[in-house]
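Enquirer: Let's have the full structure, built from the sequences with the hints guiding it.
The listed protein sequences derive, respectively, from chains R and G. Position 149 (the first sequence) corresponds to 513 in our numbering; numbering is contiguous. Position 7 (the second sequence) corresponds to 371 in our numbering; numbering is contiguous.
Check before you lean on any hint, since a few could be wrong.
No copy labels: a pair is met if it fits in one copy or bridges any two.
Pairs of lysine-lysine residues, derived as DSSO-like cross-links and limited to a Cα-Cα distance of at most 27 Å, are as follows [to be verified]:
| hint | residue 1 | residue 2 |
| --- | --- | --- |
| 1 | K525 | K383 |
| 2 | K412 | K372 |
| 3 | K372 | K422 |
| 4 | K390 | K504 |
No lab work stands behind these hints, which were simulated from the structure alone. On a predicted model such as this, the values are computed, not experimentally measured, just so you know.
Protein chains: 2
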Amino acid sequence: MFPELPSKLLTAAVEELAKLPGVGRKTALRLVLHLLKQPREDVEKFGKTFIVLRNEIKYCTVCHTLSDTEQCAVCSHPRRDHSTVCVVETVRDVLSIENTQQYNGVYHVLGGIISPMDGVGPGDLTIAPLLQRAAAGNIKEIILALSTTMEGETTCFYLYKKLRDFPIAITTIARGVGFGDELEYTDELTLGRSIKNRQPFVGEE
Amino acid sequence: MFPELPSKLLTAAVEELAKLPGVGRKTALRLVLHLLKQPREDVEKFGKTFIVLRNEIKYCTVCHTLSDTEQCAVCSHPRRDHSTVCVVETVRDVLSIENTQQYNGVYHVLGGIISPMDGVGPGDLTIAPLLQRAAAGNIKEIILALSTTMEGETTCFYLYKKLRDFPIAITTIARGVGFGDELEYTDELTLGRSIKNRQPFVGEE
Numbered sequence: 365m366f367p368e369l370p371s372k373l374l375t376a377a378v379e380e381l382a383k384l385p386g387v388g389r390k391t392a393l394r395l396v397l398h399l400l401k402q403p404r405e406d407v408e409k410f411g412k413t414f415i416v417l418r419n420e421i422k423y424c425t426v427c428h429t430l431s432d433t434e435q436c437a438v439c440s441h442p443r444r445d446h447s448t449v450c451v452v453e454t455v456r457d458v459l460s461i462e463n464t465q466q467y468n469g470v471y472h473v474l475g476g477i478i479s480p481m482d483g484v485g486p487g488d489l490t491i492a493p494l495l496q497r498a499a500a501g502n503i504k505e506i507i508l509a510l511s512t513t514m515e516g517e518t519t520c521f522y523l524y525k526k527l528r529d530f531p532i533a534i535t536t537i538a539r540g541v542g543f544g545d546e547l548e549y550t551d552e553l554t555l556g557r558s559i560k561n562r563q564p565f566v567g568e569e
Numbered sequence: 365m366f367p368e369l370p371s372k373l374l375t376a377a378v379e380e381l382a383k384l385p386g387v388g389r390k391t392a393l394r395l396v397l398h399l400l401k402q403p404r405e406d407v408e409k410f411g412k413t414f415i416v417l418r419n420e421i422k423y424c425t426v427c428h429t430l431s432d433t434e435q436c437a438v439c440s441h442p443r444r445d446h447s448t449v450c451v452v453e454t455v456r457d458v459l460s461i462e463n464t465q466q467y468n469g470v471y472h473v474l475g476g477i478i479s480p481m482d483g484v485g486p487g488d489l490t491i492a493p494l495l496q497r498a499a500a501g502n503i504k505e506i507i508l509a510l511s512t513t514m515e516g517e518t519t520c521f522y523l524y525k526k527l528r529d530f531p532i533a534i535t536t537i538a539r540g541v542g543f544g545d546e547l548e549y550t551d552e553l554t555l556g557r558s559i560k561n562r563q564p565f566v567g568e569e
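Expert: As structure tokens, then:
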């Protein structure tokens with residue numbers, strides 16, 4: 365693309381940014397030239413933030429989400445409902461659900477889903493710690509909030525089999541036609557299931 | 365957007381990336397989570413690259429482009445034509461022209477264009493050093509490669525007035541309908557000028 369950038373320092377910085385997913389060399393160059401216009405101390409802070417993050421971030425010993433401390437802010441929060449556990453694949457799912465401000469329970473981050481094609485088995489996920497949490501006896505409900513893919517369904521079923529003997533309600537998040545979606549463009553499986561799992565209409569005035 | 369990220373370190377890193385132009389918080393989060401999956405030494409290198417760049421980059425004393433050394437790779441190259449100087453607005457323009465592999469002369473980076481609206485006058489640009497280069501007597505041609513905006517044209521005219529008394533040919537890059545452009549969608553000014561400045565047809569077989 366740029367056969368001969370006039371500066372090796374510039375090339376190095378462009379290449380580092382272009383390693384990030386979805387960032388091409390043209391975008392990287394634009395961002396690097398932006399950084400060069402910032403005060404030295406700001407760029408120093410920019411660079412150091414990632415090093416500090418990588419070196420100091422921990423995984424919560426209870427729910428395995430990213431955390432600054434041994435127990436994350438959610439797990440150590442006194443007003444969260446610690447008897448309801450939402451099982452998700454990744455940290456991003458935790459952030460997405462937190463973002464809805466509709467959930468007051470705690471989480472369990474599996475670290476992925478069972479996918480024999482990608483060589484991910486139950487042993488690669490945090491399933492054993494989840495079973496320990498279930499065995500500890502303080503949990504009333506476990507919500508399975510995994511992807512609606514084949515792998516997600518397989519993982520849900522695997523977890524269900526492991527968890528069904530505990531006195532815990534196992535639920536999954538509601539599947540159906542999303543708000544703002546048009547029926548015409550909804551896939552048949554989703555539409556079919558949403559008719560089968562129809563719910564009483566709640567009129568709001 | 366994310367009212368309560370579970371980690372302050374994560375929040376800090378997302379905010380640093382989201383300061384970059386065109387990077388939103390969702391993208392920033394995706395990039396930070398990607399960085400967290402990389403080995404520590406890679407993230408260390410990533411962060412340090414920008415700090416080193418910002419602290420060590422220089423501006424070429426001859427042409428004012430970004431450079432690792434006092435004189436940039438182009439200005440110190442023995443096989444470049446040092447009697448032809450292409451005047452551009454920014455370092456990005458240098459890279460764009462280098463990228464075409466069609467130019468063997470050297471450059472002069474103005475650092476912007478004259479724009480009274482933005483408070484940029486001739487004194488804010490590297491016009492005085494350009495006149496010094498012209499006065500040194502080794503330059504045969506100066507190519508003005510500025511934007512085709514009102515400000516660009518004004519700057520071209522200003523430079524022309526300052527340079528016309530030197531025994532130097534003053535040229536500008538060709539304006540016209542771009543390759544791959546359809547006439548129907550070309551603006552009237554460009555199309556009008558491209559008819560006025562028509563050139564002999566060179567048939568290639």
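Enquirer: A separate judgement is required for each hint: does it hold in the structure or not?
Expert: Right, here's what the structure says about each hint:
In this assembly of identical chains, K525 and K383 lie within 27 Å of each other by CA distance neither inside one copy nor across copies; the values are 41 Å within and 46 Å between. Taking the shortest alpha-carbon separations for K412 and K372, both the intra-copy value of 21 Å and the inter-copy value of 15 Å come in at or below 27 Å. Taking identical chains as interchangeable, the C-alpha atoms of K372 and K422 lie at most 27 Å apart only when they sit on different chains, with a minimum of 12 Å there against 35 Å within one chain. Taking CA atoms no more than 27 Å apart as the test, K390 paired with K504 passes in neither setting, with 52 Å inside one copy and 33 Å between copies.
Checked against the numbered hints given earlier, this structure breaks hints 1 and 4; the rest are met.
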